[in-house]
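Enquirer: Here is how the chains run, residue by residue.
There are 2 protein chains.
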Amino acid sequence: MDINGTHYRTIWVEDDGWSVGIIDQTLLPHEFLIARLTTLDEVCIAIETMQVRGAPLIGVAAAYGLALALRTDASDKSLLEAIERLGATRPTAVNLQWALEKVRAAVENLVGEDRVSAAYAKAAGLADEDVSACARIGRHGAELIYEVAGGKQDQPVQILTHCNAGWLATVDWGTALAPVYRAHDAGVPVHVWVDETRPRNQGAALTMWELMAHGVPCTLVADNAGGYLMQKGMVDLCLVGTDRTTRRGDVANKIGTYLKALAARDNGVPFYVAAPSSSIDWQLDDGLTEIPIEERSPREITHIVGRNGTEVQTVEIAPSGAKAANFAFDVTRARLVTALVTDRGLCPASCEGLISRFPEHSS
Amino acid sequence: MDINGTHYRTIWVEDDGWSVGIIDQTLLPHEFLIARLTTLDEVCIAIETMQVRGAPLIGVAAAYGLALALRTDASDKSLLEAIERLGATRPTAVNLQWALEKVRAAVENLVGEDRVSAAYAKAAGLADEDVSACARIGRHGAELIYEVAGGKQDQPVQILTHCNAGWLATVDWGTALAPVYRAHDAGVPVHVWVDETRPRNQGAALTMWELMAHGVPCTLVADNAGGYLMQKGMVDLCLVGTDRTTRRGDVANKIGTYLKALAARDNGVPFYVAAPSSSIDWQLDDGLTEIPIEERSPREITHIVGRNGTEVQTVEIAPSGAKAANFAFDVTRARLVTALVTDRGLCPASCEGLISRFPEHSS
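So the protein lines, in turn, are chains A and B.
The first sequence runs 2 to 364 under the working numbering.
The second sequence runs 2 to 364 under the working numbering.
The set of hints was computed from the structure by calculation and includes no laboratory data.
Check before you lean on any hint, since a few could be wrong.
Identical copies carry no separate label here, and so any pair may be met within one copy or between two of them.
In silico BS3-like links for lysine-lysine, alpha-carbon gap of 30 Å or less [unchecked claim]:
1. Lys233 - Lys324
2. Lys324 - Lys153
3. Lys233 - Lys78
4. Lys103 - Lys78
5. Lys103 - Lys233
6. Lys78 - Lys324
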């Protein structure tokens with residue numbers, strides 16, 4: 002997407018032909034800075050500290066991490082160690098494992114320089130595939146928005162989203178926000194209610210930032226507000242992402258997603274989940290018991306980063322010594338999901354629904 | 002309750018015999034400071050800026066506000082104007098109107114000094130009544146905790162609460178937290194999951210502070226986490242307060258309460274609401290359409306107060322120019338409430354249930 006007229010992806014190979022450029026997402030919305038990753042270590046840290054985040058982007062970043070590791074040492078041992086280290090950075094999003102497997106398959110029968118260049122090529126291919134998958138999700142999901150718009154007589158379609166499943170969470174376009182950008186660009190009036198998404202505030206920091214940069218009307222609300230908005234008829238549809246989708250359509254997404262799905266059901270509001278192929282874990286059935294849920298540092302709850310004038314500061318918002326727990330994802334059961342918006346089109350959140358779009362997994 | 006061994010209420014008449022002392026709750030948990038209110042204006046500002054907050058405490062503060070207004074001018078005109086001004090400070094909690102009516106009834110047939118002293122006496126009486134009502138809620142609600150504890154073999158009873166319905170929200174003891182203090186003091190192991198309660202963070206700033214000060218085990222979580230905790234079986238019961246309870250048992254409480262009630266129902270967790278008599282609005286039936294919901298400044302969403310070392314600072318956490326909406330309460334339908342814990346005992350959240358405890362309202 003464009004930032005002040007310049008097109009950016011969230012990750013790219015720098016002009017030197019090997020180092021990896023990223024937008025440092027821990028500094029947004031306060032500062033827009035590019036970071037340059039040159040080693041496996043730096044990629045692991047970038048994923049762990051969420052300089053890059055969002056399931057699809059994590060996958061592509063990990064692929065480039067493998068390329069950087071192989072550039073230093075193209076041996077099998079190096080490959081396996083790098084896969085293990087990258088695979089352990091964040092447990093919930095399956096795209097990470099998916100991307101590592103793709104790169105492994107592409108390089109395991111090669112050696113030396115060939116292995117390195119194949120890894121870079123595969124990482125670039127995964128990045129391009131992600132852009133294309135997100136663009137397709139945008140086209141399919143926009144139909145849902147057009148349908149609502151038809152009955153609204155130029156009143157904006159009211160969309161609620163949680164966390165950031167925008168272009169910053171992917172290589173470009175986004176998953177949940179791709180349909181929003183597409184509808185907005187097509188001249189269909191939309192307005193997005195943006196959950197701030199504590200504790201990391203991806204909604205306030207990233208979703209608001211990217212929607213505002215693109216000129217999409219949006220309003221920030223506390224995570225607590227979504228139920229009220231739906232009770233009062235102020236939401237036409239919910240649209241969120243997923244970090245891991247099981248075979249039967251359960252979805253793990255940013256903590257708090259489940260609460261919005263419950264409110265949507267209680268108020269008859271459709272609840273859509275944008276699920277790229279790369280987010281589907283065909284090995285799992287029961288999301289609640291089988292998907293590993295990351296627990297992050299309590300400091301993300303007790304402290305917060307903000308701007309005081311021009312200075313970016315971290316302040317403590319809880320009493321000194323307060324104990325905090327920081328579960329990063331929750332699972333929304335398929336029964337609460339109106340439909341999945343995949344890159345192959347919409348489908349019911351069920352085994353049959355997913356298989357109808359991905360028959361190659363019907364085994 | 003005690004702070005470092007000294008007993009405090011949240012509001013009192015100072016040694017001068019007329020000015021009103023409060024704990025300034027906008028500074029907690031960073032600073033513990035007493036403020037002295039000397040005029041109607043100061044009381045209105047204290048309520049609007051939430052130096053005093055919590056439905057029961059707002060009621061008592063408003064009563065003292067009337068006493069201060071009458072001390073300056075004991076005329077009927079002054080009385081009516083003060084009632085109007087105080088009544089407009091915050092729209093959702095009915096205790097405010099309730100307390101103003103009580104004082105009006107006590108003083109309207111008096112004049113001059115008699116009117117002033119009757120207003121002070123009534124305010125003091127309402128404060129004492131609140132302490133006594135909260136103590137009774139504590140006794141009745143503790144039975145619910147004892148019941149769960151019986152089956153847990155010394156494992157702590159896991160309680161989730163939202164916002165602050167502790168002693169800081171009342172004159173003493175609290176509503177939702179009164180049973181927790183009572184059970185804890187009786188040696189029954191309890192642990193409280195505390196929702197941080199964005200945007201004003203009453204959970205992080207006030208509930209954590211008062212539970213920690215009293216030595217009750219507690220863990221701070223993001224508002225988003227409650228659904229996960231309940232899905233995973235980590236919550237035995239939810240216990241929250243109410244700012245206004247309708248005749249049929251709908252409750253308006255801090256924004257986000259409704260989402261926790263939905264999660265409780267979805268996971269079979271009991272959801273209790275501590276409802277003092279003063280919170281019941283016998284004029285209203287349908288909470289969703291009839292209770293006025295306060296909308297506060299967007300700045301409470303885009304900015305946050307925290308501690309940087311020893312300095313207390315306000316930082317901006319959203320992009321510059323971000324639009325935000327700040328609805329302060331939502332309504333939880335009676336159907337989602339397992340029982341109301343009133344100062345006269347438990348009852349179903351229904352017209353029949355409430356009338357069984359308050360037969361004088363059966364007309």
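Enquirer: It remains to establish, for every hint, whether it holds in the given structure.
Expert: Here's how the hints hold up against the structure:
{"no.": "1", "hint": "Lys233 - Lys324", "verdict": "between (35 Å within a copy, 19 Å between copies)"}
{"no.": "2", "hint": "Lys324 - Lys153", "verdict": "between (47 Å within a copy, 23 Å between copies)"}
{"no.": "3", "hint": "Lys233 - Lys78", "verdict": "neither (58 Å within a copy, 39 Å between copies)"}
{"no.": "4", "hint": "Lys103 - Lys78", "verdict": "within (18 Å within a copy, 80 Å between copies)"}
{"no.": "5", "hint": "Lys103 - Lys233", "verdict": "neither (46 Å within a copy, 33 Å between copies)"}
{"no.": "6", "hint": "Lys78 - Lys324", "verdict": "neither (41 Å within a copy, 52 Å between copies)"}
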